[in-house]
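Enquirer: Here is how the chains run, residue by residue.
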Amino acid sequence: MPKKRGADIVIDVLLEEGVDTVFGLPGGAIMEVYDALFDAPLRNILARHEQAAAHMADGYARATGKVGVVLATSGPGATNLVTGLATAHMDSVPMVAITGQVPRHYIGTDAFQEADVVGITRPITKHNFLVTDIKDLALILREAFYLARTGRPGPVLVDIPKDITQQEYNYKMPTEKDVEEALPGYKPHYEGNPVQIKKAAELIRKAKRPVLYVGGGVIIGNASQELRELAELTRIPVTTTNMGKGAFDETHPLALHMLGMHGTYYANMAVYNADLLIAVGARFDDRVTGKIDEFAPEAKIIHIDIDPASISKNIHVDVPIVGDVKNVLQKLLKELKKKPVEWVKARESWLKQIEKWREKHPLTYQQSDKIIKPQYVIEEIYRITDGEAIVSAGVGQHQMWAAMFYKYKYPRQFLNSGGLGTMGYGFPAAVGAKLGKPEKTVFAIEGDGSFVMNMQDVITAVQYRIPVKIAIINNEFLGMVRQWQQLFYDSRYSSVCLAVHPDFVKLAESMGAVGLRATKPKEVREVLQKAMEINDRPVIMDFVVDREENVLPMVPAGKSYREMIVSPKQKGEAETMYLVG
Amino acid sequence: MTEEIKAIKVRPLPKSETRKHIIVVRVQHNFGVLTRITSLFAGRGYNIESLTVGKTHEPNVARITIVVEGNERVVEQIIKQLRKLIETLRVRDITDVPHIERELVLIKVHAGEDKARDEIMRLVSIFRAKVVDVSVDTYTIEVTGDSEKIEAFIKLLRPFGIKDIARTGVLALTRESAKESLQEHRLE
Ligand SMILES: Cc1ncc(C[n+]2csc(CCOP(=O)(O)OP(=O)(O)O)c2C)c(N)n1
Chain H
-16 MPKKRGADIV IDVLLEEGVD TVFGLPGGAI MEVYDALFDA PLRNILARHE
34 QAAAHMADGY ARATGKVGVV LATSGPGATN LVTGLATAHM DSVPMVAITG
84 QVPRHYIGTD AFQEADVVGI TRPITKHNFL VTDIKDLALI LREAFYLART
134 GRPGPVLVDI PKDITQQEYN YKMPTEKDVE EALPGYKPHY EGNPVQIKKA
184 AELIRKAKRP VLYVGGGVII GNASQELREL AELTRIPVTT TNMGKGAFDE
234 THPLALHMLG MHGTYYANMA VYNADLLIAV GARFDDRVTG KIDEFAPEAK
284 IIHIDIDPAS ISKNIHVDVP IVGDVKNVLQ KLLKELKKKP VEWVKARESW
334 LKQIEKWREK HPLTYQQSDK IIKPQYVIEE IYRITDGEAI VSAGVGQHQM
384 WAAMFYKYKY PRQFLNSGGL GTMGYGFPAA VGAKLGKPEK TVFAIEGDGS
434 FVMNMQDVIT AVQYRIPVKI AIINNEFLGM VRQWQQLFYD SRYSSVCLAV
484 HPDFVKLAES MGAVGLRATK PKEVREVLQK AMEINDRPVI MDFVVDREEN
534 VLPMVPAGKS YREMIVSPKQ KGEAETMYLV G
Chain U
2 MTEEIKAIKV RPLPKSETRK HIIVVRVQHN FGVLTRITSL FAGRGYNIES
52 LTVGKTHEPN VARITIVVEG NERVVEQIIK QLRKLIETLR VRDITDVPHI
102 ERELVLIKVH AGEDKARDEI MRLVSIFRAK VVDVSVDTYT IEVTGDSEKI
152 EAFIKLLRPF GIKDIARTGV LALTRESAKE SLQEHRLE
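Residue numbers (my numbering), protein chains in the order written: chain H, -16 to 564; chain U, 2 to 189.
The hints are simulated quantities; they were obtained by calculation from the structure and are not laboratory data.
The beta-carbon is built from N, C-alpha and C at its ideal position, and this holds for glycine as well.
A portion of the hints provided could be inaccurate.
Said to hold, decoys possible - Within a straight-line C-alpha distance of at most 30 angstroms, the following computed BS3-like cross-link-like pairs (lysine-lysine) qualify:
#	chain 1	residue 1	chain 2	residue 2
1	U	LYS81	H	LYS160
2	H	LYS317	H	LYS170
3	U	LYS150	U	LYS164
4	U	LYS85	H	LYS170
5	U	LYS85	U	LYS56
6	H	LYS296	U	LYS150
As the list claims (entries may be wrong) - Here are some of the chain H residues that sit facing chain U, going by a computed Cβ distance under 8 angstroms:
#	residue
7	VAL101
8	ARG105
9	LEU130
10	LEU166
11	PRO167
12	GLY168
One chain only, chain H, in its complex shape (with noise of 0.2 angstroms):
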């Protein structure tokens, strides 16, 4: 066998993964590798600038389920990765980033462009490695990729040094085995305990007020066709988190939509009022939970993850079920069947009174036909989608917008930064996720903060010509944060004013894109239209939006859902119900 270049290993990895697509920005660390892939079998994306590298193949990776690849040079190059890992350590999506560093006799010194990379990502990676010695470097990123989409999945970084990717070597492929072996105490929990699950069981057939509680495990974990014959099933209404989205079929009955923060009505009021709240792939996020004590205060908690740190981590479960969630499902399901319940008559006035919550105060918004509310132009976008298409949002108000107003049949078919909350997320996803997903409409709902600040990568769209939809809901604000200043800071609008942008209709045609602008609602329709004809390059759509609408419902930070503020003029106006059943 004849010897090979470390960099010529990496490539040997990346293609012996199923690896097809790697995004990056070269620089002297890395070159080696670069230059190994000129010739390699492999779509290689050259993104401007690091952050939206490794956005994009967080994108490509949610919306397929592989590993997403990023490369990066030394130094300043993967420093700009920091974001776009630690975003996808939040949301638990599995990457590989490999980083050039500095010759191994430079290390140590504040050589040129070397930072201590693996010390910076260490809490913002699954795991990380500094490769020290050739014969370890085909083992290790073998466990990289081993470990980035097993048991939780997550990111991880392998650091090698240039001298490392120059050096020749006759080496050997490591067998999964091999892999296994090198990493001894790593050992995931898939089964779920038979004691607990029978537990579980019991509770769900003696509940009269039980809600399904669902984060986006259930969506890593390929469990949507278990979740709905459970929901099915036991008539269990649904409510998901903003990463569950997707993971049961908005359009279904049983869907109550997003519960905290921004949660349906109907949603937080059958969470506050339930007697079983069953926690699938979900992790009691503050933005879900509001005030801890008046959480669900009267349910009994089953909670199913496969991350045994996700529970009781910050609310007392009563029925932990430590596992993957798709095999706890069919295990709970078999459980279930065993002893037959008369399930239609045991939900019925617990399934009346929420459809009485949701027509008290449905999700909805005061239309306008003289200027565009974001909400309208979700909901067009919606229409002329046949809700079909991905979404990727940036984080704000448009993000929870497009939450809302557009409703996700499938898995993986709404991308955001749920758990770092990272702007300028959106619309690199929606290049990956489109690279991932070539046959899919690919719509990245950005607001014109977010989008900025990534928007240099449409050159990047632009050159591989990936016609990813790009909608920017204009409110010439930071959204988000002016409506916090608004309700809790006596509206002092302290530094949130967009007022200054680029004319977005101009940029993108500078950047050889398409660009077009609405500013009636009448124009929105006739925007998304043009917009969907366009298939060989990303197209940029201003809509210039109501600058003050605000998002609603709306439960204030560390509150309880008791305190929710459901329309403009109501505040705190959620009741208390124990009567059911």
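On the provided structure of chain H, position chain U with the ligand as indicated by the hints.
Expert: Leaving out everything else, chain U with the ligand in the frame of chain H:
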């Protein structure tokens, strides 16, 4: 069955008393593993009271003994996070498990006059300590034992004027069986 199911309704999580916990972690002895563990504590604002590391009889396995102060909930979270580290092989909170606990301490104490020197030598003998260095007006004493013994010894030496102390931090091993434990006790 149904009795078991009856959930304890406590929300938020029960807050228990803060106390000292001894956590033993076995890890792959890789480059950077110690930083990974300590930064896990630092990143979450948990305070480490003592930490000792050393190789074990197995190749590439190191044993870390960590003493932290915290309530059950905090410690449970620490343990879960430690378990989550890829290089962790095993984590145990042995606070309530029969175990042997040792710390080695070097104490440099003022010992000018004869009376003091005699008194200190008496303490050294009672505590089975050892004088390892002598100067005109100091003794340097080596002592091993569990935290209680060490604290008591230091307390008794304090009036003489302690000039410096170096502690290794706690080491701990669980007792293998009742029989052997008895033997341990007799030896003490
Ligand atoms: C990188 C980053 N910086 C700051 C914030 C804080 N933040 C949250 S929402 C928001 C405003 C977002 O404005 P925009 O993208 O225009 O969206 P809008 O809320 O107006 O829809 C800001 C600044 C953040 N989430 N991310």
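Enquirer: Compare the structure with the hints numbered earlier in the document and write down the numbers of the violated ones, lowest to highest.
Expert: 6
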